[in-house]
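Using the sequences and the hints, build the whole thing.
Protein chains: 6
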Amino acid sequence: MRILVINPNTTQAMTDEIHHVAKAAASPGTEIETVQPKGGPRSIEGNADEVLAAYHTLDVVAGSKGKYDAYVIACYGDPALAACREVSSVPVIGIAEASFHMAGLVAYKWSIVSVLPRVKPLLEELVARNGMEKHCASIRCTPLTVLEIEEDIERTKRMMVDEGRKAIDEDGAEAILLGCAGLGPLDKWMQQQLGAPVLDGVACAVKLAEGLHGYGVTTSKVAAYKDPERKELVACPVSLAGVYQREAAHV
Amino acid sequence: MRILVINPNTTQAMTDEIHHVAKAAASPGTEIETVQPKGGPRSIEGNADEVLAAYHTLDVVAGSKGKYDAYVIACYGDPALAACREVSSVPVIGIAEASFHMAGLVAYKWSIVSVLPRVKPLLEELVARNGMEKHCASIRCTPLTVLEIEEDIERTKRMMVDEGRKAIDEDGAEAILLGCAGLGPLDKWMQQQLGAPVLDGVACAVKLAEGLHGYGVTTSKVAAYKDPERKELVACPVSLAGVYQREAAHV
Amino acid sequence: MRILVINPNTTQAMTDEIHHVAKAAASPGTEIETVQPKGGPRSIEGNADEVLAAYHTLDVVAGSKGKYDAYVIACYGDPALAACREVSSVPVIGIAEASFHMAGLVAYKWSIVSVLPRVKPLLEELVARNGMEKHCASIRCTPLTVLEIEEDIERTKRMMVDEGRKAIDEDGAEAILLGCAGLGPLDKWMQQQLGAPVLDGVACAVKLAEGLHGYGVTTSKVAAYKDPERKELVACPVSLAGVYQREAAHV
Amino acid sequence: MRILVINPNTTQAMTDEIHHVAKAAASPGTEIETVQPKGGPRSIEGNADEVLAAYHTLDVVAGSKGKYDAYVIACYGDPALAACREVSSVPVIGIAEASFHMAGLVAYKWSIVSVLPRVKPLLEELVARNGMEKHCASIRCTPLTVLEIEEDIERTKRMMVDEGRKAIDEDGAEAILLGCAGLGPLDKWMQQQLGAPVLDGVACAVKLAEGLHGYGVTTSKVAAYKDPERKELVACPVSLAGVYQREAAHV
Amino acid sequence: MRILVINPNTTQAMTDEIHHVAKAAASPGTEIETVQPKGGPRSIEGNADEVLAAYHTLDVVAGSKGKYDAYVIACYGDPALAACREVSSVPVIGIAEASFHMAGLVAYKWSIVSVLPRVKPLLEELVARNGMEKHCASIRCTPLTVLEIEEDIERTKRMMVDEGRKAIDEDGAEAILLGCAGLGPLDKWMQQQLGAPVLDGVACAVKLAEGLHGYGVTTSKVAAYKDPERKELVACPVSLAGVYQREAAHV
Amino acid sequence: MRILVINPNTTQAMTDEIHHVAKAAASPGTEIETVQPKGGPRSIEGNADEVLAAYHTLDVVAGSKGKYDAYVIACYGDPALAACREVSSVPVIGIAEASFHMAGLVAYKWSIVSVLPRVKPLLEELVARNGMEKHCASIRCTPLTVLEIEEDIERTKRMMVDEGRKAIDEDGAEAILLGCAGLGPLDKWMQQQLGAPVLDGVACAVKLAEGLHGYGVTTSKVAAYKDPERKELVACPVSLAGVYQREAAHV
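Residue numbers (my numbering), protein chains in the order written: chain A, 170 to 420; chain B, 170 to 420; chain C, 170 to 420; chain D, 170 to 420; chain E, 170 to 420; chain F, 170 to 420.
Do not take every clue at face value.
The list treats identical chains as interchangeable, and a pair is accepted whether it falls inside one copy or across any two copies.
[What the hints assert, rightly or not] Using 25 Å as the maximum straight-line C-alpha spacing, the simulated SDA-like pairs for lysine to any residue come out as follows:
hint, residue 1, residue 2
1, Lys335, Pro312
2, Lys236, Pro197
3, Lys390, Glu302
4, Lys335, Ser196
5, Lys234, Leu292
6, Lys234, Glu293
7, Lys400, Glu320
8, Lys400, Asp331
9, Lys236, Arg324
10, Lys236, Ser196
11, Lys400, Cys310
The set of hints was computed from the structure by calculation and includes no laboratory data. Small disclaimer: the values here were computed from a predicted structure and weren't measured.
This is how it looks when you write it as structure tokens:
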């Protein structure tokens, strides 16, 4: 199968890293391509960032119809997730939801460890949207921005293990979810340090995409994720125009 | 005070109508301007529509900094609400949340009556995000698209009153919230038909904007709605670039 | 419009102060009258206090029918709120609920800072009744009784800012709600100290009353707040007798 | 032990009936006295009724300190419950909460069948306050007022069994709670008709009062139900004045 | 009446102690028998322990049909509770649920103090199953195993009072629930130390069993606790075979 | 990898069918073995059934340590799930939770369609335990027992499609979860009939087991699923005795 992993931000180094992680997680028969959109912020750390990234992420999905068997949205805010499901007929998986679902199979309670404190309200909403409040022991933040993760990897590792340890010792977490796609490469190292499962959403999403595809199940078009209504768009990416006028193509 | 009401879709007739409703609700000292973004879908009835509209709505807010005392986002999905709060220092109010808050003052339980059934999951999420599950008796939909509201206004009125009546008689609603900015003009007529409060979000948002401004309270910049982090944007509206590089301007 | 602000306790100095705050918040065209009931406790800090205050507050509302366009119940326990809505046809607003609704427009999470620890369970119930659990970061108490607020205003200010600061730094609050009508005068000063919105319920309620009145919406009489059933009362305030026998007047 | 059962309304016939039911439920060593307050409405069917009844009920409890081992508040709205716990040192039990707790031991889900539809929002709040939402299958109402229950007992029985049957067949209820003290005498008859447990709150409360007393546990004075703060009362029942000035008595 | 108290673990000393506590709580007319099952773990401190204990506990109930008026399951995980209700026609009460229901009558919030930290997730689920999240202030654990409770009773008392005190001072608890049947004998001593109600589930369950029996109410057979479907069992206790083939007996 | 699928009931025909379904879902490199326990009921349709099946299922897992890379518990009540996680070091997946997690990736709301109405309360608890209340549109039952599914497969198909259709049309479901392992073979046929995703838990669990194994994540041993405490067992399966005395083996 072919999975398109989309890094919704526009930092090539991070896209490369996500690609590496996704490939490592993929099964032999799975092809991974990883892209970043044509526009948007260099990193995603807030609501305005997400609005911009969502727009361009949707463009990527709409513009690649028919080429992939599944999409992975590799930002731990799951931007544009529901919208991408509308414009596609194959599964679209967000890395945050992916990590929630996988964690539920190995831990009664888990914590997210992420970047800047300002992402905490966004993550709380995401946990609530997925109904995971009772299984989320805590959301802990480091003071790092997304792009600082790579600047001093030893500092990042130290901070991540410190917060992960506190999540386990003080908050009741039994597993740690890495709250940013850029943290993915730390998963196995942290797992060893903490003696508890550490889950990267990119890897989880790849496995879930394989699972859905292998089982032959895709996005329901009954209600929440129906194709968009046919309508005129003004000054929007041409990829979307194609999607919205789809019925015209039938004439 | 000056309020900018933004119709996030790109249908001028609807923008005009929203302007009329907002002006009617405004107090004597309140100036209302109403605009629609430069781009986006003609109507908003799903998640992809919202992603596109959110992008352009954010552009409107970012591009008008310093000119208004408050913003109203006049689409009953509250698109880009959190993001607009980040890029502005004055209150930004969504019409759905506005109607929830006002309804809570006059009814123990209320129902939303809206357009196409496909918006129901979006509205459920909005109700949940605002913590209003226990006060929301039901979400009822007509088969109308947003742009069909105006096509046959007698049909629209009939359908709206029918669903509103059922919400009261069968679901336990004590007030009706109009689940689309385009339904605003029906509020007083429906209120008379139903013998129960009927709330239009645009009117509610104007009154709440006046209230916040009158009391001298604006968006908290402590966490969820902090200004965006300074960062580079790729291929984004120039208005946003200004916002994101704001510190540079101080140099 | 004319708003009757009711201080449900029987301390004249506090009634005067509430009047001052309410007047300051009112728009030019709004007349504010402020009263306290004929009976009840000098301050309200528990359930028994509330039962006594509720009885006399209801008497005030029932005894002033037709004279006001809205009522504000100026005690942060919202005593007799639902009952007053039953005996009146104009909006009745509690200051706790008012602060919840206004805070939701400017902050994702807020905290209440109040008096004696014993009020905490009452405030928790109030938060739950309004469905605000997910937006309430914490309820913090000072050791002050209601009447001690004024005794040493510098001490009060110090304690309030300390708890407000902790709510922001430790609990994730982005705005502070003043959990007692007597704390209202501190709002702007605290807002400046904390760099975050500080909301006084009296001011919020006045603005919401203006909003409802301006928009022409009042209490629903469909279910929860229906007029009382006609029935005989024994040894109750004469004002209520009038309300309960209202149908007789039609004969 | 001695239990004072308080019928919070002022209809002697109903007080007599409650007495009969409570006595039938009491164990051999339990003395039951049943009273109604000096004032208040003839029946309790709404929020204003409750405010009036609460005031007079509190007077009964405050005025009988030291004479009883437990109190039962025999109105299915549990009026003044928390307040009475403050002014007493022995257990005070509401009949609604009593029925919830007992029902939880014999059924996974139960329904309340009560009087007029207007009580439904009050009962919903009561269910929520006690955390029983997941176990409450439904709240069903007959069109009867409280005082009509006795007017035509055959009609009442027919309506109650009809609604109880629907609760079981349509809503998933496995037990029925009688949502008004006046319905108590129907419990065993309905239980036989429905083939499912039918619980009267008065009987449940008597058994729970016996249980608490037998086990030697009474109301916690740590926080929510602390004795009232010492303070001056204006124009309140003399019984309360005694309670509030209690420390003075120690001088 | 006759109550069979079942200690689901297989430690005779603990069975004896539970018997002593249950007898002390019983009313004059109540006969208490206490047994332990033929098999299962010596103590119950986790999910596997519970599965084993549940099996043998069910055997005890199924094998004693017709001999008792109620059963008490004396392990604070309420093992096999729903299953035992299916195979019996008399009330079956778990000691955890019993303590929740009784505590709700004397405290707004309570905490559980229990054994090893590993039981915390089990207790959280139990609290949630009973809808008690809002009334549960905290679950606190000592480092003690079940069988260590008795090893050094002074150490146990010290640890229990320490955690109980913290629950009151830091978590907002107003009453303490003893989270293990083996802790029962400490109830009155701890109550005196803490100045707050301390509830042992065994005592609570005995009083509730007496209450249900006295009122003539037993387990509903409408849905959740219906008798098992008639079916063949393989290699199961002979007591169950009798229950499952019950219809055959009617032939 | 090697997965042991356990049919917790003792009907060989059903074990065979589950094996067929699991094999069909497995990836090329996955070996599937399917067993049923030595004892327990012929089918699982209630709480007593579950207690018996749980005991024997635990025996299977404890008795096969070191032989498999993952376990699937193929009964839609997830019996013994937490217990099996304690006694194993590899992932253990229940088919109900598996279907919840997979469904969340393709539908906003889903419904379960299952056997006899008596399983509804069990399934409600399972949905709640997994935090899925907001995504579960409804639980619908047919009148079929587990063993009747196969008796008249055309009747079963008709009933399942009827209930699935109602779940979509009346309850807002966008996907259907098959609420019994015996219904698995219907998944693709029903999916075609309904035009919406239909998920069989056995297939979902196999894919999730592959995903966890492929990603190298297994059950956390930090708290909820720690190995059992070392202790003596009385009259329990010898397999468990081995697990419980594990430390002794280290000597």
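Evaluation of the provided hints:
1. For the homomeric pair lysine 335 and proline 312, the shortest alpha-carbon distances inside one copy (15 Å) and between copies (19 Å) are both at most 25 Å.
2. With identical chains, the CA atoms of lysine 236 and proline 197 are at most 25 Å apart both within one copy (19 Å) and between copies (24 Å).
3. Taking CA atoms no more than 25 Å apart as the test, lysine 390 paired with glutamate 302 passes between copies only; the shortest distance there is 21 Å, against 27 Å inside one copy.
4. Taking the shortest Cα distances, lysine 335 and serine 196 never come within 25 Å of each other, neither inside one copy (34 Å) nor across copies (38 Å).
5. Proximity of lysine 234 to leucine 292 under the C-alpha cut-off of 25 Å is found in neither arrangement, the shortest distances being 29 Å within a copy and 28 Å between copies.
6. For the homomeric pair lysine 234 and glutamate 293, neither the shortest alpha-carbon distance inside one copy (32 Å) nor that between copies (29 Å) is at most 25 Å.
7. For a Cα distance limit of 25 Å, the shortest separation of lysine 400 from glutamate 320 across copies, 16 Å, qualifies, whereas the shortest one inside one copy, 45 Å, does not.
8. Taking CA atoms no more than 25 Å apart as the test, lysine 400 paired with aspartate 331 passes in neither setting, with 51 Å inside one copy and 27 Å between copies.
9. For the homomeric pair lysine 236 and arginine 324, neither the shortest alpha-carbon distance inside one copy (40 Å) nor that between copies (41 Å) is at most 25 Å.
10. In this assembly of identical chains, lysine 236 and serine 196 lie within 25 Å of each other by CA distance both inside one copy and across copies; the values are 19 Å within and 23 Å between.
11. Taking CA atoms no more than 25 Å apart as the test, lysine 400 paired with cysteine 310 passes between copies only; the shortest distance there is 20 Å, against 42 Å inside one copy.
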